[in-house]
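Asks: Chains as they are written, first to last, in my numbering: chain U, 1 to 78; chain P, 1 to 158.
Hints were generated in silico from the structure; no laboratory data involved.
From a predicted model like this one, the values you see are computed outputs, not experimental measurements.
Treat the hints with caution; some may be incorrect.
Unchecked claim - Derived pair list, reagent style SDA-like, types lysine to any residue, alpha-carbon separation capped at 25 Å:
#1 Lys-111(P) / Ala-73(P)
#2 Lys-109(P) / Leu-37(U)
#3 Lys-135(P) / Gln-155(P)
#4 Lys-109(P) / Glu-30(U)
#5 Lys-135(P) / Leu-37(U)
#6 Lys-109(P) / His-143(P)
#7 Lys-135(P) / Leu-51(P)
#8 Lys-111(P) / Arg-25(U)
#9 Lys-109(P) / Asp-35(U)
#10 Lys-135(P) / Leu-33(U)
#11 Lys-109(P) / Leu-33(U)
#12 Lys-135(P) / Pro-14(P)
#13 Lys-109(P) / Glu-36(U)
#14 Lys-111(P) / Leu-61(P)
#15 Lys-111(P) / Ala-35(P)
#16 Lys-135(P) / Ser-112(P)
#17 Lys-135(P) / Val-18(P)
#18 Lys-135(P) / Asn-145(P)
#19 Lys-111(P) / Leu-66(P)
#20 Lys-109(P) / Val-18(P)
#21 Lys-135(P) / Ala-93(P)
#22 Lys-109(P) / Asn-53(P)
#23 Lys-135(P) / Thr-2(U)
#24 Lys-109(P) / Ser-78(P)
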Amino acid sequence: MTWLLLTFHGLSLLVYAFVVWRFARVHRSESRLLDELQEEGSVPARSRPVLFAVSYGIMTLAVVVSTSLLFAFQPHWL
Amino acid sequence: MTSDARERVIAVVPGHWVRYVRLVAVIALTGLADAAVFAAAGFFALHNPYLANGLFVAALLLLLLLYHWAFAAVASASMQCVIVTNHRVVSYAVRLLFYEELQEVAFEKMKSVDVVMDGFWPNLLRYGSLVFEGKVSVAYVPHPNRVARLIEQAQGLR
Chain U
1 MTWLLLTFHG
11 LSLLVYAFVV
21 WRFARVHRSE
31 SRLLDELQEE
41 GSVPARSRPV
51 LFAVSYGIMT
61 LAVVVSTSLL
71 FAFQPHWL
Chain P
1 MTSDARERVI
11 AVVPGHWVRY
21 VRLVAVIALT
31 GLADAAVFAA
41 AGFFALHNPY
51 LANGLFVAAL
61 LLLLLLYHWA
71 FAAVASASMQ
81 CVIVTNHRVV
91 SYAVRLLFYE
101 ELQEVAFEKM
111 KSVDVVMDGF
121 WPNLLRYGSL
131 VFEGKVSVAY
141 VPHPNRVARL
151 IEQAQGLR
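Please model the entire structure based on the sequences and the hints provided.
Replies: Put into structure tokens, the structure is as follows:
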């Protein structure tokens with residue numbers, strides 16, 4: 001069960017990294033599109049990849065910590 | 001080159017907030033179901049440890065799928081927008097892990113913009129779809145009549 005939990009956390013972090021990378025890429029292509037249409041800086045930034053990465057990261061950490069605690073305080077699952 | 005010949009953005013219209021409602025409802029319901037599976041795992045822990053282990057693993061997997069999907073779906077929905085320039089209308093929609101869709105309708109080809117606000121909720125919450133030339137459709141546009149007027153004004157700015 002411990003290995004399973006570690007695999008779960010590893011998978012979580014991998015998926016997190018992948019989704020953040022995809023979001024940053026899509027955001028870049030959207031910014032490029034707006035830059036093509038208009039000079040840079042004249043359109044307010046609508047997407048916020050940093051905010052997304054931070055809130056998503058906090059949630060990922062919360063899930064990792066809470067499931068670990070849940071697991072740790074149920075010794076009969078070991 | 002005259003200033004009108006150069007393309008410039010007139011407006012960037014993000015999608016209506018109602019596009020999050022169904023998403024949030026699905027996330028909340030699935031989250032509750034996941035919490036119930038975790039609770040069931042705890043309930044069976046003393047009497048039937050094998051069942052408890054199975055339920056715990058199932059709850060973990062559901063949680064893994066749910067919250068990663070939730071973040072990806074909300075991020076995708078937040079990127080939907082309609083960009084109106086003095087030359088064309090660009091509709092931008094993204095599903096982070098699946099597709100990136102960019103639909104463009106140039107004013108030269110555009111003769112009509114239809115507004116569809118069909119049903120109780122679209123009329124109450126003021127959202128609807130814009131249909132260009134009966135082919136290209138953009139859903140969840142806030143105040144679509146206002147956006148259609150804006151597009152007609154932009155056509156005049158060409």
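Asks: Please go over all the hints and tell whether each is borne out by the structure.
Replies: Verification of the supplied hints:
For the proposed pair Lys-111(P) and Ala-73(P), the alpha carbon gap of about 34 Å is over 25 Å, so the pair is violated. For the hint linking Lys-109(P) to Leu-37(U), the alpha-carbon distance of about 19 Å falls within 25 Å, and the restraint holds. Annotation: proposed proximity of Lys-135(P) to Gln-155(P) holds, straight-line Cα distance about 19 Å (limit 25 Å). At most 25 Å may separate the alpha-carbon atoms for a hinted pair to count; Lys-109(P) and Glu-30(U) meet this at roughly 24 Å.
With a CA separation close to 24 Å, the supplied pair Lys-135(P) and Leu-37(U) stays within the 25 Å bound. Taken as a hint, the Lys-109(P) and His-143(P) pair is honoured in the structure, with Cα atoms around 24 Å apart against an allowance of 25 Å. Annotation: proposed proximity of Lys-135(P) to Leu-51(P) is violated, straight-line Cα distance about 53 Å (limit 25 Å). With a C-alpha separation of about 35 Å, the suggested pairing of Lys-111(P) with Arg-25(U) is violated against the 25 Å cut-off.
Note on Lys-109(P) and Asp-35(U): the hinted pairing holds, with a Cα-Cα distance of about 24 Å set against a maximum of 25 Å. Note on Lys-135(P) and Leu-33(U): the hinted pairing holds, with a Cα-Cα distance of about 23 Å set against a maximum of 25 Å. This hinted pair checks out: Lys-109(P) and Leu-33(U) have alpha carbons roughly 21 Å apart, not beyond 25 Å. Restraint check for Lys-135(P) and Pro-14(P): the C-alpha separation of about 21 Å stays at or below 25 Å, so the hint holds.
At most 25 Å may separate the alpha-carbon atoms for a hinted pair to count; Lys-109(P) and Glu-36(U) meet this at roughly 21 Å. Between Lys-111(P) and Leu-61(P) the CA atoms are separated by roughly 51 Å; this puts the pair beyond 25 Å, and the hint is violated. With a CA separation close to 53 Å, the supplied pair Lys-111(P) and Ala-35(P) exceeds the 25 Å bound. About 11 Å separates the Cα atoms of Lys-135(P) and Ser-112(P), which keeps this hinted pair within 25 Å; it holds.
Restraint check for Lys-135(P) and Val-18(P): the C-alpha separation of about 23 Å stays at or below 25 Å, so the hint holds. The suggested pairing of Lys-135(P) with Asn-145(P) holds, with an alpha-carbon distance near 18 Å, which does not exceed 25 Å. Proximity of Lys-111(P) to Leu-66(P) is assessed by CA-CA distance (about 44 Å); at most 25 Å being required, the pair is judged violated. The suggested pairing of Lys-109(P) with Val-18(P) is violated, with an alpha-carbon distance near 31 Å, which exceeds 25 Å.
Restraint check: the Cα-Cα separation between Lys-135(P) and Ala-93(P) comes to about 16 Å, which is no more than 25 Å; the hinted pair holds. Our distance criterion of 25 Å between C-alpha atoms is broken by Lys-109(P) and Asn-53(P), whose separation comes to about 62 Å. Taking the CA atoms of Lys-135(P) and Thr-2(U), the gap is about 54 Å. The hint is violated against a cut of 25 Å. Our distance criterion of 25 Å between C-alpha atoms is broken by Lys-109(P) and Ser-78(P), whose separation comes to about 29 Å.
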